[in-house]
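In order, the protein sequence lines correspond to chains R and L. Mapped onto my numbering, the consecutive letters of the first sequence carry residue numbers 1 to 649. Mapped onto my numbering, the consecutive letters of the second sequence carry residue numbers 1 to 247.
The set of hints was computed from the structure by calculation and includes no laboratory data. Wrong hints could be hidden among the right ones.
For lysine to aspartate or glutamate, the following DMTMM-like pairs were computed, each having C-alpha atoms within a straight-line distance of at most 25 Å [what the hints assert, rightly or not]:
1. L:Lys92 <-> L:Asp42
2. R:Lys514 <-> R:Glu530
3. L:Lys11 <-> R:Glu556
4. R:Lys504 <-> R:Glu530
5. R:Lys216 <-> L:Asp15
6. R:Lys393 <-> L:Asp95
7. L:Lys14 <-> R:Glu530
8. R:Lys504 <-> R:Asp468
9. L:Lys122 <-> R:Glu559
10. R:Lys499 <-> L:Asp15
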Amino acid sequence: MSDSKLISKIPEGPLAEKWTKHKADIRVVSPANKRKLEIIVVGTGLGGASAAASLGELGYNVKIFCISDSPRRAHSIAAQGGINAAKNYQNDNDSIWRLFYDTIKGGDYRAREGNVYRLAEVSNLIIDQCVAQGVPFARNYGGLLDNRSFGGAQVSRTFYARGQTGQQLLLGAYAALNRQVAAGSVKSYPRHEMLDVVLIDGKAKGIIARDLTTGKIERFGAHAVVIASGGYGNVFFLSTNAMNSNGSAAWQCYKKGAYFGNPCFAQIHPTCIPVHGDQQSKLTLMSESLRNDGRIWVPKKMEDVEKLRKKQIKASQIPEEDRDYYLERRYPAFGNLVPRDVASRAAKERCDAGYGVNETGLAVFLDFKTAIERLGKDVIKARYGNLFQMYEKIVDVNPYEEPMMIYPAIHYTMGGIWVDYNLMTTIPGLYAIGEANFSDHGGNRLGASALMQGLADGYFVLPYTIGDYLSHDIQTPKTDINNPAFEESEKAIKDKINKIFNIKGKNPVDHIHKALGHIMWEYVGMARNEPGLKKAIEEIRALKKEFWANVYVPGENNELNHELEKAVRLADFLEIGELMAIDALNRKESCGGHFREEMQTPDGETLRDDEHFMYVSAWEYKGEDQEPVLHKEDLVFEFVHPSTRNYKD
Amino acid sequence: MDLKLKIWRQKNAKDKGRFETYEVKSISPDSSFLEMLDILNDQLILEGKEPVAFDHDCREGICGMCSLYINGRAHGPDSEITTCQLHMRKFKDGDTITIEPWRSAAFPVIKDLVVDRYAFDKILQAGGFVSVNTGGVPDGNAIPIAKPKADESMDAAACIGCGACVATCKNGSAMLFVAARVSSLALLPQGKIEGARRAKAMVAKMDELGFGGCTNTQACEMECPKLVSIAHIARLNREFLVAKLRD
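Pulled out of the complex, with its shape left as it was, chain R reads as follows:
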């Protein structure tokens, strides 16, 4: 079914000329008129901060909202490994085309060619911008920028700042933002949470936000609204996302009519610290960059596995010939640097076969022995010192002496709000950028590409495309927050909060969230099948009923109340989880991180069905307890030929 709202607006013409042509074709707003226009940006991670700063510099009046006490806390800060760009500084035959190709292949041919090419095209500008801001990227002794390798690529194109690349890039964008706050073009609203988007005559004209410190519900008007609130990985309860990361801002857009794209595409990251018990609240990621020098293995012999579990031997005592470096064995061409989805499934396969190396049987080794022998401890320390320290603090094992133990965990959501080439959702005036949109990573995101996309959208795409929309609004007065649409929306939010408060049931928020996480991990996690997904939908619906009948939120509404914040988000997670399962059930193929057990090759690789599923699923909300409606955006490949992803040779 094609749909009149699902027009991707990819420009015609040769791939390399699309963005240039589009920029020439779209309208701009004069400086005098920009001063009259207001933009709301929700979220202050790499996407939101870079967008808000750039829009402020252009002269728009910007309001930014974040749930933390400062924009700098946004979870982009925790990205460790790096950011990709097609600079070809290493002379290893990298190019915009190669970065484009790796990304579209890495995403298992479920992203748009036009978007991905543009992403690769602007990647180089990002590095220049960050350097100019004073981001202290790693350098070599000649004073030039250094690179390292990441999964899914055979070139070294990843720029990094030790193991804190996300932090440094965010501090750069945050500094640019601070400069605009000081200049008066950006107004900052920390500890504020967007609870609804307000539409007037079908266009996004503002938001309703809750001041998390006072509980006050406030109205904010604008000419356009930008959602940069990140992904919804915390639907799984345990994930590498920050504790406060949530999908609620994006979800309110969906409920107001924005289509939601590919909700089932979630990334499971292969290198996380394994779960230690049932009292855990959060999983910790170990950077993918570790796979540059770390080798992943499990024992070949079951007797060694048993001894390891009983702590009768240490991993370092197992001789070389008794180790199964299963990624090197299965994927000789890419080895330990296969994409994340492939590495995660391979770890699961070994653990399911009984070779998991910790007490729970859900862990594999990531070993630096060979690299330390080859390069020396000092080199390894210079490259990964802070990650090794982090590991040791958490696990109490020295990774210079014993291999790390890792296991896959939920990390990122490729799915998100559907947007066109201009990053506009199906609601006019409502934009979604960064992880909050669905657009660039298809079924699997390559490492070091999230930072690239967040900053590409915020610095170099949205500031151009939003002007095209706003150029029609130069005569439009400021949005009146006394408009009935605001009143209605505010009332609905207040009612919802009161309803949650007044349930006064017996079940704490986290208990229900953990139960949701178990359902998601079991049935909508690394391996999915039809009966499991149907069961998940049923169980999530029951859990949703339990929430609305029996959740308990202590405290008061008119003050800082973390339990209330969590409850409001969980109400949405329950609905997001259900849509993920519905989407996963619909997509009867395996691609990227979406692995349907019914669809696999004899050697356990993903089996795509291009004939039936070469499309973006875009779901339309139809109301409380109504089935959502699926719309399909067909993916057209003019420039690359979708083939079976091969990381073997």
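Given chain R, work out where chain L should sit, using these hints.
Relative to the frame of chain R, chain L by itself:
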């Protein structure tokens, strides 16, 4: 492990606040400190009581949100960590643990263990940036930077803005925080250009916001989870002096 917790409870900024004592049982030594508080909160909620409010987010030691003063130390009894990286194996069965918010005139308490650190944002807004707009900048490799300089800049840029330095300082000074930003940028040619102006503006804002003066006790460096060195304060002072001399 069974533990006794003495925790600061304060309903809001106006409330006087007081310590309350709680007990938690069967805590795994592998649990993180914040997971232990999660367990306490779960217990409180099930008893129909209000949970303890504390700031936290990434739980990986990088966002700078967590901010607890534990047994008289910012981020508790371990070095080079944030509160979220502290693990219960650092305590003994039967211990009594005292937990307070950051104490500083510039960081008013919002509730229980949560403080308002917006003053840090304001200091950075005063000058903690390089004045370049998006676009129109030179190629990344057009500005070579000696590796030791870039590395030292990164050492300072590792600051997570948690405020442990302020909470630890007997004067409540934010010098290490300011120095980290000023020094990180001053070490790079891009940032050097407006170095003096930046130092002056940020120090002036720090003073205006009610942070105390620096008397070189070095306590900040001892408790900094990212080991930001007080050598950066020396560089800040140099930049500041240059600015003053130009006045």
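Checklist entry - Which numbered hints does this structure break? => result 4, 7, 8 and 10
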